[in-house]
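Note that the protein sequences, when read in sequence, are chains C and E. Counted the way the working numbering counts, the first sequence spans residues 1 to 264. Counted the way the working numbering counts, the second sequence spans residues 1 to 350.
Honestly, the hints are just simulated from the structure, not real lab data. Wrong hints could be hidden among the right ones.
On the chain C side, residues computed to face chain E include the following (Cβ under 10 Å) [stated by the list, open to error]:
(1) 26
(2) 54
(3) 72
(4) 90
(5) 98
(6) 99
(7) 103
(8) 123
(9) 124
(10) 131
(11) 170
Calculated pairs, BS3-like style, for lysine-lysine (alpha carbon to alpha carbon, straight line, at most 25 Å) [said to hold, decoys possible]:
(12) 124/E to 145/C
(13) 72/C to 7/E
(14) 145/C to 209/E
(15) 62/C to 232/C
(16) 232/C to 15/C
(17) 22/E to 7/E
(18) 72/C to 62/C
(19) 22/E to 72/C
(20) 145/C to 7/E
Here are the in silico distance ranges between beta carbons for each label pair [as the list claims (entries may be wrong)]:
(21) 150/C to 343/E: 21 to 27 Å
(22) 123/E to 54/C: 24 to 30 Å
(23) 59/C to 343/E: 57 to 63 Å
(24) 89/C to 119/E: 23 to 29 Å
(25) 83/C to 343/E: 41 to 47 Å
(26) 59/C to 10/E: 37 to 43 Å
(27) 134/E to 59/C: 43 to 49 Å
In this text the structure is predicted, and so the values were computed from the model without any measurement. The C-beta atom is built at its ideal place from N, Cα and C for all residues, glycine as well.
Residues per chain are reported as follows:
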Amino acid sequence: MLSVSQASLAFGGIKALDDVSFTAAPGEITAIIGPNGAGKTSLFNIISGFYRPQQGQILFDKQNITRMRADKRAELGIARTFQNIALFRGMSVLENIKLGGHTRLSTGFWASGFFYGGARREEARLRAEIERDVIDFLELDHIRKAPVAALPYGLQKRVELGRALAMQPQVLLLDEPVAGMNREETEDMARFILDIQARWGTTILLVEHDMGMVMDISNQVVVLNFGRQIAKGTPDQVQANPAVIEAYLGTSDRSKTDAGEVTA
Amino acid sequence: MITGHFKTDYSADEGIWSNWPKRWGLVAALVGLAIFPFVASNYALLLAGQIGIFIVAVVGLNVLIGYTGLMSLGHGAFFAVGAYTTVAIHHEWPLTFPLITLVISTVVAAAFGVLFGLPSLRVKGLYLAVATLSANFIILFLIEQEWLAEWTGGISGTETPNAVFFGVELVSQQAKYFFIMPVMVLMLLFAQNLFRTRFGRALIAIRDKDYSAEILGIALFSYKLKSFAISAAYCGAAGSLWAYFFPAILPEDFGLNMSITLVVCLVAGGMGRTLGPIFGTILILLVPELLKIVAASITGGDATAQTWVSPTRDILFGLMIIGFLIFEPMGLVNIWDRFWRFMSRWPFAK
Chain C
1 MLSVSQASLA
11 FGGIKALDDV
21 SFTAAPGEIT
31 AIIGPNGAGK
41 TSLFNIISGF
51 YRPQQGQILF
61 DKQNITRMRA
71 DKRAELGIAR
81 TFQNIALFRG
91 MSVLENIKLG
101 GHTRLSTGFW
111 ASGFFYGGAR
121 REEARLRAEI
131 ERDVIDFLEL
141 DHIRKAPVAA
151 LPYGLQKRVE
161 LGRALAMQPQ
171 VLLLDEPVAG
181 MNREETEDMA
191 RFILDIQARW
201 GTTILLVEHD
211 MGMVMDISNQ
221 VVVLNFGRQI
231 AKGTPDQVQA
241 NPAVIEAYLG
251 TSDRSKTDAG
261 EVTA
Chain E
1 MITGHFKTDY
11 SADEGIWSNW
21 PKRWGLVAAL
31 VGLAIFPFVA
41 SNYALLLAGQ
51 IGIFIVAVVG
61 LNVLIGYTGL
71 MSLGHGAFFA
81 VGAYTTVAIH
91 HEWPLTFPLI
101 TLVISTVVAA
111 AFGVLFGLPS
121 LRVKGLYLAV
131 ATLSANFIIL
141 FLIEQEWLAE
151 WTGGISGTET
161 PNAVFFGVEL
171 VSQQAKYFFI
181 MPVMVLMLLF
191 AQNLFRTRFG
201 RALIAIRDKD
211 YSAEILGIAL
221 FSYKLKSFAI
231 SAAYCGAAGS
241 LWAYFFPAIL
251 PEDFGLNMSI
261 TLVVCLVAGG
271 MGRTLGPIFG
281 TILILLVPEL
291 LKIVAASITG
301 GDATAQTWVS
311 PTRDILFGLM
321 IIGFLIFEPM
331 GLVNIWDRFW
341 RFMSRWPFAK
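The task is simple: from the sequences and hints, build the whole structure.
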């Protein structure tokens, strides 16, 4: 569905991404993990179109989208959420989610201004669809008219997921969907993500620090460290990988000496 | 008064005339607008016409500043483009139907809007304000050129045509009022509709968080330019009406002074709201006139008293604007909202 091949991105002398390659299989959940500053969000940014990688390619459905503008990628069906919530703070929950429908509507300037006719029909259809597929699905009924700025953090994250869902995306990029959430909220979010996968067969890419959740719900895990891809595989394979353990836990002095003794 | 929402389908929930005070308020406003010219004096009609024209321009500016979040201090120039295009069209073809002239003036102003909106793709905020400032000087400079003077009248200004509808020339204030007000109402309605559907929502999204809008598939480049085009078009339409309304125009009627007045009207009324431009324009254009009347009644036409009363009037007006920004930064429309919030609970609670 979506594949990144040999992508490299550098800011001046700093290599944010160095030769990263993986394929997100259709309908599966691919998690991207790594310590802070490993390049996870940079990877999301080259996929959604905010940065262009200096080398390598991004293929969406066999189409090369490496140099495509961000809004064009959205039209193709790539949706994302942000690590630090990027909702439209002045608007209500409903208005935010309606904006997710932008690429799927066709009302232009004149039809919008004259309203009665096509625009009105289309708005009514969008509203019904959003109520069914997003608001009801994500259990947002009670807050649909509330201004998003007044909502607690966990709900804001859910609204942002709803906005992305309103795009009816083929690929959904979730940047730390449960960061800062308590156990209950995390479980809710994990359930929603699995429901989305089951109901629409959406291909999901996930950046997350909550290892419990990552290992529970992902089909594939990609591990980055200092921009380099150090491991790739199923959750079990990755957990057993020594390079991953080293990146996360570091090597203790003793294990180094042990290793030294063996080689000597 | 309104104790809850009892809607049974989504279309009703999306409606803008959703309850009876709003519906009857609209009817009352339209009836009031229609009756006004039969009861008002010529002086009141002159003010009303001027306010109507300004409302059109401020609504346009609201599209850009209030809804798209892009600053402009150059819209007085697009106003001038509209007015001078109308004059030029009637100079070449004196019998052009006024609505056709109005449309052409609007389109020409929109084209200038796109041109001066190009910097918005790179710069924001104060930098954009400074960039748009140039429109005032460049466009007025062009209007004052010798080689265009045949159409524009150059630096000394020009007389303007009257609108002629099917052989009826609109000469009296009353007749002109009936040309201006329907145009104003329709253009208000158009803007109102724009911001409850896809196109307008995209502009608001750009204002609130541009990168988030981009990720939802909104092409920033084209929407920003369209916003400039629409707002300049509204100012162009206002300019065209202005040319039909006043017997003559001068280059200095427009330009920086008018650009700033338009922004002041918008800020005083409330940005990003439908009623904001209406309230703001009425306040800003009416208060100086009221102060004039008060001043005249104090001095009783005494010439020596006039010399100190008229500057006092300007100072009062300035103080009022400052007071507004401090105590009601969201504009007059915020007072209106508070009033209706109170009324919705009255008489059950305060």
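Q: Mind listing which of the numbered hints don't hold for this structure, in increasing order?
A: 1, 2, 11, 12, 13, 19
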